[in-house]
Amino acid sequence: MASRIEHRATFPASVADVVAAQADEAALHARLAEIGGTGAALEDHTVDGDEVRYTLVQGVPADKLPSVAQKFVSGDLMVRREHVWHGGEGTIRAQVDGIPGEITGTVSVEPDGDAAARQVTRGEVTVKIPLVGGKLEGLIAEQVTTLLEREADFTTSWLARS
Numbered sequence: 001m002a003s004r005i006e007h008r009a010t011f012p013a014s015v016a017d018v019v020a021a022q023a024d025e026a027a028l029h030a031r032l033a034e035i036g037g038t039g040a041a042l043e044d045h046t047v048d049g050d051e052v053r054y055t056l057v058q059g060v061p062a063d064k065l066p067s068v069a070q071k072f073v074s075g076d077l078m079v080r081r082e083h084v085w086h087g088g089e090g091t092i093r094a095q096v097d098g099i100p101g102e103i104t105g106t107v108s109v110e111p112d113g114d115a116a117a118r119q120v121t122r123g124e125v126t127v128k129i130p131l132v133g134g135k136l137e138g139l140i141a142e143q144v145t146t147l148l149e150r151e152a153d154f155t156t157s158w159l160a161r162s
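Residue numbers (full-length UniProt numbering): 1 to 162.
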C-alpha cells in the first residue's frame, strides 16, 4: 500500500516565471547549492520546445536517517529524481538507492488571481519490503513533504531575486 503526498504552494509570480524558477538550469544549480544535501548534483538538463527534462541527485547523511532506514541503506541515502515539465504541468519519478520502490508524482502550476500562481504536487511513495515497507513509506513521504516546503521557500526567494 502506497503512502500519499500532497503539497500546495502559492507564489507571487506568473505560471511561466514559477516554472522557470523550478526548471531553469541556473535556478536548479542554485537550489542544489542551498538545499541539495550530500552529493547534490544536476545530472542532466534538456530543453526541447516547451519540454524541460532534468535529473537531480540529492543525499541525506547516514547519521540523519532514522534507525529503521539505516538497516536498509549502507552509508548516505541518495535520491535520484527525474522531472519532466510541459508548460505548467510536470511529472516526477524518484528512486532511493538501496530501497526497493519508488516515488511518483505530478505537479501543476496554475494562475491564482492577479500576478500569482498556485502549485499543487501530488504523489505516492511505494516501498516493497515486507513488514516495514509501510513504515518506510510514511517516513519517506514525510521527508519529501519537508523537502517540497524547502524548495517552495527557495522558489519564493529566487523569484524575489530575479
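These are computed hints drawn from the structure, not numbers from a lab.
Treat the hints with care, as some may be off.
Claimed, not checked - EDC-like, lysine to aspartate or glutamate: derived pairs with alpha carbons at most 20 angstroms apart:
1) Lys64 / Asp97
2) Lys64 / Glu34
3) Lys64 / Glu149
4) Lys135 / Glu102
5) Lys128 / Asp97
6) Lys135 / Glu6
7) Lys128 / Glu149
8) Lys135 / Asp63
9) Lys64 / Asp76
10) Lys71 / Glu142
To be verified - Cβ-Cβ distance ranges computed for the label pairs, FRET-style:
11) Asp63 / Pro111: 14 to 24 angstroms
12) Lys71 / Ala116: 23 to 33 angstroms
13) Arg118 / Gly75: 34 to 44 angstroms
Positions of the beta carbon are idealized from the N, C-alpha and C atoms, including for glycine.
Against the structure, the hints:
no.	hint	in the structure
1	Lys64 / Asp97	16 angstroms, holds
2	Lys64 / Glu34	18 angstroms, holds
3	Lys64 / Glu149	18 angstroms, holds
4	Lys135 / Glu102	14 angstroms, holds
5	Lys128 / Asp97	13 angstroms, holds
6	Lys135 / Glu6	18 angstroms, holds
7	Lys128 / Glu149	26 angstroms, violated
8	Lys135 / Asp63	19 angstroms, holds
9	Lys64 / Asp76	9 angstroms, holds
10	Lys71 / Glu142	19 angstroms, holds
11	Asp63 / Pro111: 14 to 24 angstroms	43 angstroms, violated
12	Lys71 / Ala116: 23 to 33 angstroms	44 angstroms, violated
13	Arg118 / Gly75: 34 to 44 angstroms	38 angstroms, holds
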